[in-house]
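Take a look at the letters that make up each chain.
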Amino acid sequence: MIPELGNFALILALCLSLVLAIFPMVGSLNNTPGWMAMARPAAWGQFFFTALSFACLVNAFLTNDFSVHYVALHGNTQLPIIYKISAVWGAHEGSLLLWALILSGWTVAVSRLSRKLPIEVVARVLSVMGMVAIGFMSFMLFTSNPFDRRFPVPLEGGDLNPLLQDFGLAIHPPMLYMGYVGLSVAFSFAIAALIGGKLDAAWARWSRPWTTVAWVFLTIGITLGSWWAYYELGWGGWWFWDPVENASFMPWLAATALIHSLAVTEKRGAFKRWTVLLALLAFSLSLLGTFLVRSGVLTSVHSFAADPARGLFILIFLCIVIGGSLALYAWRAPAVSSGGGFDLFSRETLLLGNNLLLIVITAFILLGTLAPLIYDAMGWGKISVGFPWFSAMFVIFTPFLALLMGIGPLARWKRQDPADLARQLRIALLLSLGAGILLALPLLHEGSLSAGLAVALSVWLVSTQFLSLRQRLKYRKGLTGLLRDLGSRGSGSYYGMLVAHFGIAVFIIGITFVTQFDVEKDVRMSPGQSLELAGHTFTFEGVEVVPGPNYSAHQGSIRVYKDGDEVALLQPQKRTYLVQTKPMTEAGIDAGFTRDIYVSLGEALGGGDWSLRLYYKPFVRWIWLGGILIAIGGLLAASDRRYRIKDLATEPAATTAAARKLASARSS
Amino acid sequence: MTPKRKKRLLLIVLMIAGVATAAGFALKAFNENLMFFYTPSAVSNGEAPVGRSIRVGGLVTTGSVRRQSDGLTVEFDLTDNAETITVQYTGILPDLFREGQGIVALGKLQDNLRFVADEVLAKHDENYMPPEVADALDAAHKAGSGMPAESGGAP
Numbered sequence: 115m116i117p118e119l120g121n122f123a124l125i126l127a128l129c130l131s132l133v134l135a136i137f138p139m140v141g142s143l144n145n146t147p148g149w150m151a152m153a154r155p156a157a158w159g160q161f162f163f164t165a166l167s168f169a170c171l172v173n174a175f176l177t178n179d180f181s182v183h184y185v186a187l188h189g190n191t192q193l194p195i196i197y198k199i200s201a202v203w204g205a206h207e208g209s210l211l212l213w214a215l216i217l218s219g220w221t222v223a224v225s226r227l228s229r230k231l232p233i234e235v236v237a238r239v240l241s242v243m244g245m246v247a248i249g250f251m252s253f254m255l256f257t258s259n260p261f262d263r264r265f266p267v268p269l270e271g272g273d274l275n276p277l278l279q280d281f282g283l284a285i286h287p288p289m290l291y292m293g294y295v296g297l298s299v300a301f302s303f304a305i306a307a308l309i310g311g312k313l314d315a316a317w318a319r320w321s322r323p324w325t326t327v328a329w330v331f332l333t334i335g336i337t338l339g340s341w342w343a344y345y346e347l348g349w350g351g352w353w354f355w356d357p358v359e360n361a362s363f364m365p366w367l368a369a370t371a372l373i374h375s376l377a378v379t380e381k382r383g384a385f386k387r388w389t390v391l392l393a394l395l396a397f398s399l400s401l402l403g404t405f406l407v408r409s410g411v412l413t414s415v416h417s418f419a420a421d422p423a424r425g426l427f428i429l430i431f432l433c434i435v436i437g438g439s440l441a442l443y444a445w446r447a448p449a450v451s452s453g454g455g456f457d458l459f460s461r462e463t464l465l466l467g468n469n470l471l472l473i474v475i476t477a478f479i480l481l482g483t484l485a486p487l488i489y490d491a492m493g494w495g496k497i498s499v500g501f502p503w504f505s506a507m508f509v510i511f512t513p514f515l516a517l518l519m520g521i522g523p524l525a526r527w528k529r530q531d532p533a534d535l536a537r538q539l540r541i542a543l544l545l546s547l548g549a550g551i552l553l554a555l556p557l558l559h560e561g562s563l564s565a566g567l568a569v570a571l572s573v574w575l576v577s578t579q580f581l582s583l584r585q586r587l588k589y590r591k592g593l594t595g596l597l598r599d600l601g602s603r604g605s606g607s608y609y610g611m612l613v614a615h616f617g618i619a620v621f622i623i624g625i626t627f628v629t630q631f632d633v634e635k636d637v638r639m640s641p642g643q644s645l646e647l648a649g650h651t652f653t654f655e656g657v658e659v660v661p662g663p664n665y666s667a668h669q670g671s672i673r674v675y676k677d678g679d680e681v682a683l684l685q686p687q688k689r690t691y692l693v694q695t696k697p698m699t700e701a702g703i704d705a706g707f708t709r710d711i712y713v714s715l716g717e718a719l720g721g722g723d724w725s726l727r728l729y730y731k732p733f734v735r736w737i738w739l740g741g742i743l744i745a746i747g748g749l750l751a752a753s754d755r756r757y758r759i760k761d762l763a764t765e766p767a768a769t770t771a772a773a774r775k776l777a778s779a780r781s782s
Numbered sequence: 387m388t389p390k391r392k393k394r395l396l397l398i399v400l401m402i403a404g405v406a407t408a409a410g411f412a413l414k415a416f417n418e419n420l421m422f423f424y425t426p427s428a429v430s431n432g433e434a435p436v437g438r439s440i441r442v443g444g445l446v447t448t449g450s451v452r453r454q455s456d457g458l459t460v461e462f463d464l465t466d467n468a469e470t471i472t473v474q475y476t477g478i479l480p481d482l483f484r485e486g487q488g489i490v491a492l493g494k495l496q497d498n499l500r501f502v503a504d505e506v507l508a509k510h511d512e513n514y515m516p517p518e519v520a521d522a523l524d525a526a527h528k529a530g531s532g533m534p535a536e537s538g539g540a541p
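Just so you know, the protein sequences line up as chains A and B, in that order.
Quick note, the first sequence lines up with residues 115 to 782 if you use the numbering used here.
Quick note, the second sequence lines up with residues 387 to 541 if you use the numbering used here.
Honestly, I wouldn't trust all of these hints.
Said to hold, decoys possible - Some chain B residues near chain A, calculated using beta-carbon distances under 8 Å:
(1) K393
(2) L395
(3) A408
(4) D481
Don't read these hints as lab results, they were simulated from the structure.
Note that beta-carbon positions come from the ideal geometry of N, C-alpha and C, so glycine has one too.
Could you build all of it, start to finish, from the sequences and the hints given here?
Here it is in structure tokens:
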């Protein structure tokens, strides 16, 4: 009964998204206030019924209702409760329902937090989000309904994939979806602005916090995914350039370009058309990501079994969204006035460079990700693009990005005297070159060059951000000035930027050091045997069988010593889950700020011997630490007080900029 | 031409030059990093290049996994139900590597038709068959030279 209620609620939600998509939009075009006013109630209704439907599916998992096909496949009576809940989005149908729920959640959030916006803008934005919802809900109802029943009813469910029975993976998809779907808000604002023909600074200011929040979720989602892969897959990798990882990374890159471009549009009124295009691109890449994951067209660790009907549906949906929005862009964008002019040497140019680099990286990743599809479709053979190519593309462009990241915050808007800028940057340049050479010289073995480069770039980033902070606090006195500045309007986005850029510096160190200096060894060990690796002694004490809640495990014990002192007792496991009888590796990790020691079990080789992976991973935590800092920076930027000040919301940027200048002049 | 336009033109020319150079290098590297997929039949027919990184995929022949005395080097047969090749791999096999299952191996072909793998991929989902392997089995089946593809693959 309850699953039918869920199904019915889903149908009602689809009906309401149809209402949401049609009436407010038409009302905004022929100026009918009554129709536009339908947007908010429809958004709430859509959210209510989607949430009800989702709750019904959660209930089906909690009560082990195996008459529901989806629950029978992925649920189990033995599952711990938290994984019964996360099993809801553990596979295709349920993750779509989660997607729809998050989308309707964002729609309601926009409706709730848009009180100060003109009603026709609200109506259009919510209406576009309703159109996206129609796509996803009809996809679910027509090709992959999570509430389908089955007969006969099995006594026990097929269980959640053991790989997904992990806390990190329980929260990774919701975070990632929050990011993907959040980009639909930026998309909808862009479409609404194109329809209204008003692409101004106010539009940019409305879009900015939404885009930043979505970007923060995307950052957290990607970071969590990388961390999960590291400890759960059992071979210490943290990024594989897998198509599905690329599918999450490309929207992230586009969204990164977008938040920088939005800053220019808000502050200077420039880059308008480009910003709109980026907003369309970022969300299109999110949809493309869904298509890649869900259709199973690519060989990927994330692939579910392929279903051509679903692939076709998403492909058509993708074409409508991308084609429709680009057509609208082509029609309306020429009418948009180009914004404020700027000099060849100016912050605008530097940010343009940043955007260009980010989009070039995105384009190459897109090429590498889609090439196998294109080759296959053209009959040129089945290919895959090697890991080294993606890494090379990333490593070639990122240093330039980091260079610009150092200069940008110091440069002035509109016009910057290059000689003056060079004088300011002299110290940072000397510091970073010095640090880089200092590190590269004593380690004249392989890898030292890139490690030196990484350190130089990180020092460059940190020192230039400090220079920028000094410049900002020039007329405010010392620490009290800093504290007062922290509370002022517009400070959130500034300090957010500093923290995020600092996160990039940390990330660069982590990624380079772990790539260059990690030590990996696959070995065969007998109980009692010891081995030296990276200055540590690993003693294998054998393997015993231990029981778990829904699995049994072989658990190895490895003691790690450094200079005779015991550093850690690592107990990696090889689990066999009782239902799916699938083996799973659980790594034993001794985490540290500057290094991880990582051991995982291979297989029994007879006579108590086991094959083992012994890894020493320097600075690997810094990769995720960098990701967390970047996300915190984004949160700071999104919480900037000026997005919440009422009467300023509709003021044109020029006046606010002037007011700000006046205010800062007075306060100094 | 006004000075402003000149500057803008210069900026655009610089940008295009930069992107074009980058794209040139990237595409060259791209071609060198392409890994083509070959079926065991194609390898046996000598269609696959020797000494270049390629991927092969198929089913692991039941009973063919042999372990050498060092405990880490493994040899097994890979088949598309038409032809069979031998794959050698040193290291720890993925959790889901099993006899009778579809896998994809990355590595290089030696002269003697022996494939030395750097990496062996088996999928998270045991009912999931890499699309290449499913196609390879289909192709071999259609050619009439093999047994029917085993069930459990992608539809």
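So, going through the hints one by one against the coordinates:
Using the Cβ-Cβ criterion of 8 Å, the hint placing K393(B) at the interface with chain A is satisfied: the shortest such distance is roughly 5 Å. Below 8 Å, beta-carbon pairs count as interface contacts, and L395(B) has none with chain A, the closest being about 10 Å; its hint is therefore violated. Taken as an interface hint, A408(B) checks out: its beta carbon lies about 6 Å from the nearest beta carbon of chain A, inside 8 Å. Look at D481(B): its Cβ gets to within about 4 Å of chain A, closer than 8 Å, so that hint holds up.
In summary, the one numbered hint that this structure violates is 2.
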